[in-house]
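Respectively, the protein sequence lines represent chains A and B.
First residue of the first sequence: 2, per this note's numbering; consecutive thereafter.
First residue of the second sequence: 2, per this note's numbering; consecutive thereafter.
Treat each hint with caution, since some may be false.
For identical chains, the list gives no copy identity; a pair is met inside one copy or between any two copies.
[Said to hold, decoys possible] When the alpha-carbon atoms are kept at most 27 Å apart in a straight line, the in silico DSSO-like pairs for lysine-lysine are as follows:
#, residue 1, residue 2
1, 335, 205
2, 195, 231
3, 228, 79
4, 237, 205
5, 227, 264
6, 335, 264
7, 195, 232
8, 109, 311
9, 227, 79
10, 58, 31
11, 103, 60
12, 58, 88
13, 60, 311
In short, the hints are calculated from the structure, not lab data.
2 protein chains.
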Amino acid sequence: MNLKQFAKELNLSISAVSKALRDSHEISEKTKQMVLDKARELNYQVNPFASSLRKQKSKTIAVVIPEIDNNFFALAIKGVEMIAQEKGYHVLIYLTHEDVQKEVSVTKILQNGRVDGVMISVSSQTTDISHLQGLKENGIPLVFFDRVTEKITAPKITTDDYNSGIKATEHLIENGCEKIAFLSVSENLSISNKRLAGYVDTLKRNKINYDDKLIIRCSQNIEENKKILKKLLEKKIKPDGIFASVESLALTTYEVCNELNIKIPDDIKIIGFSNLRTASLLSPSLSTITQPAYEIGREAASILFTLIEKSGYNGIPENTVIKSTLTERKSTRK
Amino acid sequence: MNLKQFAKELNLSISAVSKALRDSHEISEKTKQMVLDKARELNYQVNPFASSLRKQKSKTIAVVIPEIDNNFFALAIKGVEMIAQEKGYHVLIYLTHEDVQKEVSVTKILQNGRVDGVMISVSSQTTDISHLQGLKENGIPLVFFDRVTEKITAPKITTDDYNSGIKATEHLIENGCEKIAFLSVSENLSISNKRLAGYVDTLKRNKINYDDKLIIRCSQNIEENKKILKKLLEKKIKPDGIFASVESLALTTYEVCNELNIKIPDDIKIIGFSNLRTASLLSPSLSTITQPAYEIGREAASILFTLIEKSGYNGIPENTVIKSTLTERKSTRK
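Please work from the sequences and hints to get the whole structure.
Right under this line is the structure:
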């Protein structure tokens, strides 16, 4: 299809369509949007249009996250916001509540040029990633952080999840644990799977039998998780160590141990991924793997702005890894 | 100045200016913005223009908050976002980091019609409120939540701060405290002052002498606050009760007590405003006044959308109060 045919489809003059594509101020936003929509509908050289229309920058980026009442994401947003302020950019926040349908509808909205770039941490339900592929194909700069997907070529900023999985598991083994449960929220998330791989490989290296009944998949629902963990901890032969791969599961384990009168660390030792300020004030204080949440947010935003300014992925590293730290506290003491 | 003179100032035809003011699709966004800016510059009947131009809704609201790594604000945003999603609106988040200069520059940006409405929780430095007055005068619907200012007539959504101050102080007195310190972050914030008034009136009613050396003003800086609290708790005659009017100060008190080996609740009892999930898991568990953060966010957003839809403050209550709850735990036990 050439420009003439395309203009005919729109009932517009060639000149008007051409001006719309050059983002001329003579053309109303409404018409520009109509042209853009039609171009997409007809799959007519979408990218050049998008990029042309996007020359009028929105000075806005979007951050799409599963939840906000979570210290990791709150701190990451703080880092993003710091960089955005420096750049004179606005930050839109979208919460998916771990619902892939919400994630799909948010990305559809973002596809129309409302923002200059998108940072996303995918929901735990996300397996099909065509909505994210669509965003990228529409020429919207895209950066993943923390919960990334390997299926799309785009910059990804994470912590060293596999090594952190090793460190946490080794720490429990060194302190005498032989029957360690691994708690996670999803089998879809690559970060969970990397942490799990670190756990599995460490067990092997220490000649501890792997038992898939100790791999516990929890949900987003605290009450459900309590039931799952009660079942685990009421067993005759229960685990002597817990590796919570997300913060909320470490807290739920504490709550369930309190209810069942299981003593930490005497009866069971616990380590968790966590950005809680109160980790050191808990009863007992919680041993943690702490992700550099603020730095991950800053780095992801910096890379997104490089993408926006360079208008391309060339020369931008696909994987940026910022290390986590293990802090020993009383919950894993011998 | 009449329309003719105004059009001349802009080097535009009367018809073009008139169309711009009617938000006609024949006029480019750039020109409309230029007309709006000039109208403001010349103070030429700004409000009708603003409202006219705003008929083309941005479908975006802004939430301006002092910080995000705070459970209250994270939960409030969750509430805001839930309502915004229902309405098909986008949510911009701006952090002021308790810096009034940042608050001023954010409100200036928001004045130009980027959003259909603004929700704000003011910074602890904010005393002069002319920037917020300016936002309102420019016809941007404005709602305050939690940290409100009495100096502007606009909807305000808070918890029952005065009564919560009474409840917390009474609880400490009932459990034997006679020398209660009140910790806050700012003397500018109306919510701090209401909590303080509840504290002062309760002391009076219980015939306990008011001692202004026990009114402790802290900062945003954790290390500074530790120094301030160490000074307080290393005194020969130290308080036997602490009322932390913000969450982070309750945690700093715990940290300092741990360092100084002061036993909670035997040597000192502590109650704090807090939305921490871990309050019940702390050593010892923390007695709290819990604000309905999520509900406050939802309610503030609902009222903002009513304002946007009705285009006016008539019939909208100025003060909406949602009650906090006191939860007794070990930190105040006799």
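How the hints compare with the structure:
When the C-alpha separation of residue 335 and residue 205 is checked against a cutoff of 27 Å, the pair qualifies only within one copy, where the shortest distance is 22 Å, while the shortest distance between copies is 51 Å. With identical chains, the CA atoms of residue 195 and residue 231 are at most 27 Å apart within one copy only, with a shortest distance of 26 Å there and 43 Å across copies. Taking the closest pair of Cα atoms, residue 228 and residue 79 come within 27 Å of each other only across two copies (26 Å); inside a single copy the shortest separation is 34 Å, beyond that limit. Proximity of residue 237 and residue 205 under a CA criterion of 27 Å is satisfied intra-copy only: 25 Å inside one chain copy versus 57 Å between copies.
Taking identical chains as interchangeable, the C-alpha atoms of residue 227 and residue 264 lie at most 27 Å apart only when both belong to the same chain, with a minimum of 17 Å there against 31 Å between chains. In this assembly of identical chains, the alpha carbons of residue 335 and residue 264 lie at most 27 Å apart whether taken from the same copy (13 Å) or from different copies (25 Å). Only within a single protomer do residue 195 and residue 232 lie at most 27 Å apart by alpha-carbon distance; the minimum there is 26 Å, versus 47 Å between protomers. When the C-alpha separation of residue 109 and residue 311 is checked against a cutoff of 27 Å, the pair qualifies only within one copy, where the shortest distance is 24 Å, while the shortest distance between copies is 29 Å.
Within a single copy, residue 227 and residue 79 get their C-alpha atoms only as close as 31 Å, which misses the 27 Å cut-off; across copies the closest is 23 Å, which meets it. Taking the shortest alpha-carbon separations for residue 58 and residue 31, both the intra-copy value of 16 Å and the inter-copy value of 13 Å come in at or below 27 Å. In the homo-oligomer, the alpha carbons of residue 103 and residue 60 lie at most 27 Å apart both inside one protomer (24 Å) and across protomers (18 Å), since each shortest distance falls under that limit. In this assembly of identical chains, residue 58 and residue 88 lie within 27 Å of each other by CA distance both inside one copy and across copies; the values are 13 Å within and 25 Å between.
Taking the shortest Cα distances, residue 60 and residue 311 sit within 27 Å of each other inside one copy (15 Å), while across copies they are farther apart (29 Å).
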